[in-house]
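J.: Chain C: place on chain F using the hints.
Listed below, chain by chain, are the residues.
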Amino acid sequence: KNQVEQSPQSLIILEGKNCTLQCNYTVSPFSNLRWYKQDTGRGPVSLTIMTFSENTKSNGRYTATLDADTKQSSLHITASQLSDSASYICVSFIYGGSQGNLIFGKGTKLSVKP
Amino acid sequence: DVKVTQSSRYLVKRTGEKVFLECVQDMDHENMFWYRQDPGLGLRLIYFSYDVKMKEKGDIPEGYSVSREKKERFSLILESASTNQTSMYLCASGRLAGRLKQFFGPGTRLTVL
Chain F
96 KNQVEQSPQS LIILEGKNCT LQCNYTVSPF SNLRWYKQDT GRGPVSLTIM TFSENTKSNG
156 RYTATLDADT KQSSLHITAS QLSDSASYIC VSFIYGGSQG NLIFGKGTKL SVKP
Chain C
124 DVKVTQSSRY LVKRTGEKVF LECVQDMDHE NMFWYRQDPG LGLRLIYFSY DVKMKEKGDI
184 PEGYSVSREK KERFSLILES ASTNQTSMYL CASGRLAGRL KQFFGPGTRL TVL
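Protein sequence lines correspond, in order, to chains F and C. For the first sequence, counting from 1, position 35 maps to 130 in this note's numbering; every step adds exactly one. For the second sequence, counting from 1, position 110 maps to 233 in this note's numbering; every step adds exactly one.
Quick caveat, the hints were computed from the structure, so don't treat them as lab data. Ideal Cβ placement from N, Cα and C applies to all residues, glycine included. Fair warning: there could be bad hints in the mix.
[Unchecked claim] If you want a taste of the chain F side facing chain C, the calculated C-beta under 10 angstroms gives, among others: (1) N127; (2) Y131; (3) R137; (4) G138; (5) L177; (6) A181; (7) F188; (8) F199; (9) G200.
[To be verified] Only pairs whose alpha carbons sit at most 16 angstroms apart, straight line, appear in this in silico EDC-like list of lysine to aspartate or glutamate: (10) K96(F) with D182(C); (11) K194(C) with E153(C); (12) K201(F) with D182(C); (13) K126(C) with D151(C); (14) K224(C) with D151(C); (15) K178(C) with E153(C); (16) K204(F) with D161(C); (17) K201(F) with D161(C); (18) K176(C) with E153(C); (19) K208(F) with E110(F); (20) K176(C) with E192(C); (21) K193(C) with E145(C).
Chain F with its partners taken away, still in its complex shape (with noise of 0.2 angstroms):
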């Protein structure tokens, strides 16, 4: 069964500290991962999109990680600030399928505190 799993549910962290979220896919057969990040009342706004031959890449103080052997990627945020509160949600899309095939995770709800 196609899904994305995505660890923790929450999490609470101090402003200025670092973090790293995680998603496990297993989806097949697998096109890209991306991830999104939704603040709160908000639609999600695309981070990043890793694909099968890419490793790491980075927007900003986000730094997105995809290892295919093991079919994880992470979002790494370095020096945390209050504007990252928001939930950060994995998606992986299924090549060959419709383009309905989008196979999403739960989120993960961040929190920033000074």
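T.: What follows is chain C alone, placed relative to chain F:
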């Protein structure tokens, strides 16, 4: 700046009412999607459309229908609203391509009393 708009941010309806949620995108995207988002369940696909007048059922289509008469507009219809349809509804659009980056609207929080 790309934009997906939804007709209402907050909506309160009574059980049995017919409810229309509208979504408009200005990016000429082929694909449009309707999701509902509930705590602990994440985003679940209700319906999607890959072209005008085309629609496909998602994971939870029961109790919903959709309409796509124009490329930029995708409507979600609750034929007879029920309390278990109280939720956050999110619309998204994306280009017909393998990487399928989705652009989401701000969401409509629907409460059915």
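J.: For every hint, state whether the structure bears it out.
T.: Taking the hints in turn, this is what the structure says about them:
1. N127: holds (6 angstroms)
2. Y131: holds (8 angstroms)
3. R137: Hint holds; R137(F) Cβ to chain C Cβ min 6 angstroms, cut 10 angstroms.
4. G138: Check passed: Cβ of G138(F) comes within 3 angstroms of chain C, closer than 10 angstroms.
5. L177: Violated - the Cβ of L177(F) stays beyond 10 angstroms from chain C, reaching only about 21 angstroms at its closest.
6. A181: Nearest chain C Cβ about 13 angstroms off; hint violated.
7. F188: holds (5 angstroms)
8. F199: Holds: closest Cβ of chain C sits about 5 angstroms from F199(F), inside 10 angstroms.
9. G200: For G200(F), the interface hint holds, since the closest Cβ of chain C sits about 7 angstroms away, which is under 10 angstroms.
10. K96(F) with D182(C): holds (14 angstroms)
11. K194(C) with E153(C): Answer holds: K194(C) to E153(C) is near 7 angstroms, not above 16 angstroms.
12. K201(F) with D182(C): Cα-Cα ~15 angstroms, so holds.
13. K126(C) with D151(C): holds (11 angstroms)
14. K224(C) with D151(C): At roughly 14 angstroms apart (the allowed maximum being 16 angstroms), D151(C) and K224(C) satisfy the hint.
15. K178(C) with E153(C): Holds. K178(C) to E153(C) sits at ~12 angstroms (cutoff 16 angstroms).
16. K204(F) with D161(C): holds (13 angstroms)
17. K201(F) with D161(C): holds (10 angstroms)
18. K176(C) with E153(C): Since the Cα atoms of K176(C) and E153(C) sit roughly 11 angstroms apart, the hinted pair holds (cutoff 16 angstroms).
19. K208(F) with E110(F): Holds, at roughly 6 angstroms.
20. K176(C) with E192(C): holds (6 angstroms)
21. K193(C) with E145(C): Holds, at about 12 angstroms.
When the structure is compared with the earlier hints, violations turn up for hints 5, 6 and for no others.
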